[in-house]
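Colleague: Keeping their order, the protein sequence lines are chains Y and Z. In case it helps, this note's numbering puts the first sequence at residues 1 to 426. In case it helps, this note's numbering puts the second sequence at residues 1 to 411.
These are calculated hints, taken from the structure and not from any lab test. Heads up, a few of these hints could be off.
Said to hold, decoys possible - Partner residues are not named here, just some residues of chain Z that face chain Y (Cβ under 10 Å, in silico):
#	residue
1	E66
2	R395
3	D399
4	T403
Claimed, not checked - Covered stretches of chain Z, as calculated for chain Y (at least 3 residues, CB under 8 Å):
#	stretch
5	44 to 51
6	99 to 113
7	177 to 187
8	321 to 329
We treat Cβ as the ideally placed atom computed from N, Cα and C, and that holds for glycine.
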Amino acid sequence: MLNRTIAPPIKDAVDFDLQLKPCTYFELDNGVPVYALDAGTQEVFQLELVFYAGNAFEQQKTVASATNFLLKNGTSTKTAFEINEAFEYYGAYCNRACYNETAVINLSSLSKHLDQLLPVIKEMITDSIFSEEELATYKQNSKQRLSVNLKKSEFVAGRLIDAYVYGEQHPYGVYTNPEDIDALTTAAIKTFFNEYYLNGKCIIFISGKLPDQIQTILNINFGGLSIGANKNPLPVSTIQPAEQKKYRISNDVDGVQGAIRLAREFPNRRHPDFMKVMVLNTVFGGYFGSRLMSNIREDKGYTYGIHSYIQNHLQQTAWMISTEAGKDVSEATVEEVYKEMKILQEELVDEEELLLVRNYLIGTILGDLDGPFQLMGRWKNIILNGLSENYFYDSVQTIKTISAEELRELAKKYLNPEDFYELIVI
Amino acid sequence: MIQFERFVLANGLTVLVHEDKSTPMAVVNVLYDVGARDEDPNKTGFAHLFEHLMFGGSINIPVYDEPLQVAGGENNAYTTNDLTNYYCQLPAENIETAFWLESDRMLSLAFGKKSLDTQRKVVCEEFKEHYINKPYGDVWKRMRELAYTTHPYRWMTIGKELSHIENATLEDVKAFFQKHYTPSNAVLVVAGNITVNQVKELAEKWFGPIPAGNKYERNLPQEPKQMAPRTAEVKANVPLDALYKCWHIYARTDKRYYIADLVTEILGGGASSRLYQALVKEKKLFSNIECYHFGSTDAGLLAIEGKLVKGVAMKDAEAALNDELFKIQQEGITEKELEKVKNKTESMMAFEDMSLMNRAASIAMYELLGDASLINKELDLYKAVTAKDIIGESRIIFDINNTNTLYYFAN
Numbered sequence: 001m002l003n004r005t006i007a008p009p010i011k012d013a014v015d016f017d018l019q020l021k022p023c024t025y026f027e028l029d030n031g032v033p034v035y036a037l038d039a040g041t042q043e044v045f046q047l048e049l050v051f052y053a054g055n056a057f058e059q060q061k062t063v064a065s066a067t068n069f070l071l072k073n074g075t076s077t078k079t080a081f082e083i084n085e086a087f088e089y090y091g092a093y094c095n096r097a098c099y100n101e102t103a104v105i106n107l108s109s110l111s112k113h114l115d116q117l118l119p120v121i122k123e124m125i126t127d128s129i130f131s132e133e134e135l136a137t138y139k140q141n142s143k144q145r146l147s148v149n150l151k152k153s154e155f156v157a158g159r160l161i162d163a164y165v166y167g168e169q170h171p172y173g174v175y176t177n178p179e180d181i182d183a184l185t186t187a188a189i190k191t192f193f194n195e196y197y198l199n200g201k202c203i204i205f206i207s208g209k210l211p212d213q214i215q216t217i218l219n220i221n222f223g224g225l226s227i228g229a230n231k232n233p234l235p236v237s238t239i240q241p242a243e244q245k246k247y248r249i250s251n252d253v254d255g256v257q258g259a260i261r262l263a264r265e266f267p268n269r270r271h272p273d274f275m276k277v278m279v280l281n282t283v284f285g286g287y288f289g290s291r292l293m294s295n296i297r298e299d300k301g302y303t304y305g306i307h308s309y310i311q312n313h314l315q316q317t318a319w320m321i322s323t324e325a326g327k328d329v330s331e332a333t334v335e336e337v338y339k340e341m342k343i344l345q346e347e348l349v350d351e352e353e354l355l356l357v358r359n360y361l362i363g364t365i366l367g368d369l370d371g372p373f374q375l376m377g378r379w380k381n382i383i384l385n386g387l388s389e390n391y392f393y394d395s396v397q398t399i400k401t402i403s404a405e406e407l408r409e410l411a412k413k414y415l416n417p418e419d420f421y422e423l424i425v426i
Numbered sequence: 001m002i003q004f005e006r007f008v009l010a011n012g013l014t015v016l017v018h019e020d021k022s023t024p025m026a027v028v029n030v031l032y033d034v035g036a037r038d039e040d041p042n043k044t045g046f047a048h049l050f051e052h053l054m055f056g057g058s059i060n061i062p063v064y065d066e067p068l069q070v071a072g073g074e075n076n077a078y079t080t081n082d083l084t085n086y087y088c089q090l091p092a093e094n095i096e097t098a099f100w101l102e103s104d105r106m107l108s109l110a111f112g113k114k115s116l117d118t119q120r121k122v123v124c125e126e127f128k129e130h131y132i133n134k135p136y137g138d139v140w141k142r143m144r145e146l147a148y149t150t151h152p153y154r155w156m157t158i159g160k161e162l163s164h165i166e167n168a169t170l171e172d173v174k175a176f177f178q179k180h181y182t183p184s185n186a187v188l189v190v191a192g193n194i195t196v197n198q199v200k201e202l203a204e205k206w207f208g209p210i211p212a213g214n215k216y217e218r219n220l221p222q223e224p225k226q227m228a229p230r231t232a233e234v235k236a237n238v239p240l241d242a243l244y245k246c247w248h249i250y251a252r253t254d255k256r257y258y259i260a261d262l263v264t265e266i267l268g269g270g271a272s273s274r275l276y277q278a279l280v281k282e283k284k285l286f287s288n289i290e291c292y293h294f295g296s297t298d299a300g301l302l303a304i305e306g307k308l309v310k311g312v313a314m315k316d317a318e319a320a321l322n323d324e325l326f327k328i329q330q331e332g333i334t335e336k337e338l339e340k341v342k343n344k345t346e347s348m349m350a351f352e353d354m355s356l357m358n359r360a361a362s363i364a365m366y367e368l369l370g371d372a373s374l375i376n377k378e379l380d381l382y383k384a385v386t387a388k389d390i391i392g393e394s395r396i397i398f399d400i401n402n403t404n405t406l407y408y409f410a411n
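All chains should be modelled from the sequences, with the hints used to inform the complete structure.
Modeller: And the structure:
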């Protein structure tokens with residue numbers, strides 16, 4: 001007779017040997033670094049061109065993201081429609097995204113179409129024209145989208161908490177108002193394009209099923225451009241945190257939930273505490289079984305979900321707690337978050353919970369290393385953060401060995417309620 | 001080509017195995033043939049509430065998540081109008097843990113009042129977060145009620161109203177489990193670094209002893225053919241006017257489903273699609289416009305939605321949209337457009353199949369539709385669609401009498 005009360009034996013995930021499949025490195029003729037990973041079972045690839053063209057480089061608000069967006073909206077030989085058609089005809093996806101330091105063009109497609117698609121990317125990054133008409137449409141539609149987003153308490157909360165932590169002048173804290181969109185000009189965008197794309201700093205990541213001559217193909221398309229590896233050093237920005245710590249904002253009189261954000265500044269990935277805090281964060285609010293979820297969702301039912309995380313910034317960052325909770329229980333939710341901080345500061349995480357978190361994290365990494373795009377995602381993170389391959393193995397080691405005492409010390413250092421900005425937007 | 005093997009246990013549980021030796025992981029996917037469409041109209045939101053309760057502990061195992069996490073696993077679940085799907089991914093060496101957990105909660109649940117009370121609150125917060133505390137959050141509740149008079153697609157998965165969830169009793173929930181959570185109403189898919197023999201042995205060991213229960217016979221009221229256009233109007237505290245339109249299309253297993261799917265791609269797939277180009281870029285009447293369909297098992301809806309540029313009159317925006325729909329019905333599409341949407345479909349399928357979890361869920365979904373091998377046949381069904389099919393179906397779908405329109409006005 002099967003005894004269902006006894007769990008089947010398991011191999012502890014901490015006993016798994018995790019390997020990060022290496023990627024190939026080479027440089028194009030112009031010195032642009034390329035990281036390539038030929039892997040996977042499907043005939044697909046993903047190419048990412050990472051430009052140092054994020055909003056940290058802009059002189060005028062929102063120019064970086066407008067430039068990035070409009071890369072797909074017309075060159076001297078192709079209209080926006082023709083560019084889109086050039087990708088979509090082959091079932092390819094060309095997305096772009098603008099972050100703080102970097103701005104990315106991402107192309108994914110069936111491998112068989114690689115040759116047809118790269119020249120279009122080349123055209124976008126060398127010959128975009130930024131017409132008045134395209135900019136006018138962009139401005140109008142961006143303002144409309146912004147007006148809808150501003151009705152959402154979670155959107156408003158996300159902007160404000162960053163502004164408190166970093167200051168509104170900092171690239172991580174700045175946010176866009178309708179008048180900033182109005183102020184955009186094609187002249188400002190062209191200047192930005194010229195400096196940060198046409199003559200900008202670029203790193204290329206490519207993964208998936210790749211042709212043998214990938215180096216030659218990339219060189220033909222991008223090796224002759226005036227982009228390079230050693231341009232545009234990162235501007236140094238200092239944070240200007242707000243004086244006041246606690247905020248209650250009314251955004252919608254009919255609101256039935258509060259968007260709650262608690263945050264404190266935190267050092268970047270190169271800081272020795274970083275990997276250890278990733279483990280502490282998991283215990284605190286980083287997975288479904290976390291302290292915050294168990295208490296505030298699973299025990300009290302105040303929210304559909306509550307999470308804590310370290311923001312993914314290159315220079316410095318913030319530790320954030322984020323949730324949407326019932327209007328009547330928003331204040332109680334904040335109190336419970338602080339209670340959980342206190343518990344982590346005062347009590348040791350017991351061995352059972354710690355083993356669970358170790359196994360969970362290792363299992364997640366193992367699952368995450370599945371597939372070429374995910375692998376490259378790991379590499380990209382390491383490279384853009386200026387870390388080495390050891391970072392991966394050191395994090396795994398940290399997960400396997402960190403002690404409950406260390407976690408408590410870190411909680412005492414970083415989880416002091418008085419260090420946190422506190423915001424509820426209803 | 002996705003390989004799999006299929007067998008059925010004596011208690012009626014269908015099991016499919018997909019081996020993939022390139023990954024260290026395994027996925028265990030349990031799909032139950034129950035969705036919001038199977039609910040009592042006065043007790044909606046049950047299938048989804050129930051999904052939450054499935055994590056509240058089973059007869060022999062007090063908590064579900066922890067033993068899985070200890071084994072290095074992750075899990076989640078989702079409910080749609082048609083089905084409820086539970087999946088976990090874990091290192092293949094620990095796969096038995098997933099069998100143990102999933103079989104125990106198919107055997108019998110053990111949650112109490114506390115768990116029900118909490119999850120009722122959690123689901124109410126989920127309801128508020130997604131459908132109340134958001135501009136335009138009530139659109140699909142209204143649109144479903146407009147487009148469906150009879151079929152239980154009239155309500156959303158989350159439920160018709162908060163009170164249905166607030167009033168759920170332990171008895172209701174238990175009855176729901178008895179009725180739907182039986183081996184013959186489930187499909188088990190195991191994928192990853194495992195063998196068929198290993199899965200056979202584990203399935204017999206853990207799922208084999210579960211009593212068969214009764215097979216649920218679905219007998220839903222079918223939606224009568226719509227005979228006249230329907231419209232509704234909303235005024236709400238939103239910044240922009242918006243236009244929503246829906247048309248009845250075909251069941252998932254109908255051959256015409258593929259035609260309807262390609263029609264949505266032609267109209268609304270990406271920035272080179274017809275509606276975006278004509279209405280956002282050229283005429284500048286909408287700031288965004290989308291066309292998609294619900295992918296439902298029973299006859300679903302094809303939808304177009306867009307926000308109007310400030311200052312544009314609703315009737316002008318609607319007329320311009322209707323012009324585009326008229327154009328496809330009159331002129332049809334070019335071979336190049338057809339080629340494009342077929343290429344897109346091929347590429348989309350390749351990307352979806354990259355993830356082991358997706359492959360497992362797709363196999364289960366196709367099995368539920370009646371034939372798991374559809375997973376390998378659908379691309380050919382798409383490729384067989386002709387330009388003539390597109391024009392023919394466009395005329396049927398976009399018939400004025402098949403139209404449901406929701407005018408959403410800013411206060």
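Colleague: None of the hints should be skipped; say for each whether it holds.
Modeller: A quick look at each hint next to the structure:
1. Residue-level restraint check for E66 (chain Z) holds (minimum Cβ-Cβ distance to chain Y is 6 Å; threshold 10 Å).
2. With a least beta-carbon distance of about 25 Å to chain Y, the hint placing R395 (chain Z) at the interface is violated under the 10 Å criterion.
3. A hinted interface residue such as D399 (chain Z) counts as satisfied when its beta carbon comes closer than 10 Å to some beta carbon of chain Y; here the least separation is about 28 Å, so the hint is violated.
4. Interface hint status for T403 (chain Z): violated, as the beta-carbon distance to the closest one in chain Y is roughly 25 Å, over 10 Å.
5. With 0 residues having a Cβ less than 8 Å from any Cβ of chain Y, the stretch 44 to 51 of chain Z misses the three-residue criterion, and the hint is violated.
6. Only residues whose C-beta sits within less than 8 Å of a C-beta in chain Y count toward coverage, and the stretch 99 to 113 of chain Z has 5 of them, enough to reach three; the restraint holds.
7. Check on the stretch 177 to 187 of chain Z: 0 of its residues sit with their Cβ under 8 Å from a Cβ of chain Y, so the three-residue criterion for coverage is violated.
8. By the rule of at least three residues with a Cβ nearer than 8 Å to a Cβ of chain Y, the coverage given for the stretch 321 to 329 of chain Z is violated, with 0 such residues.
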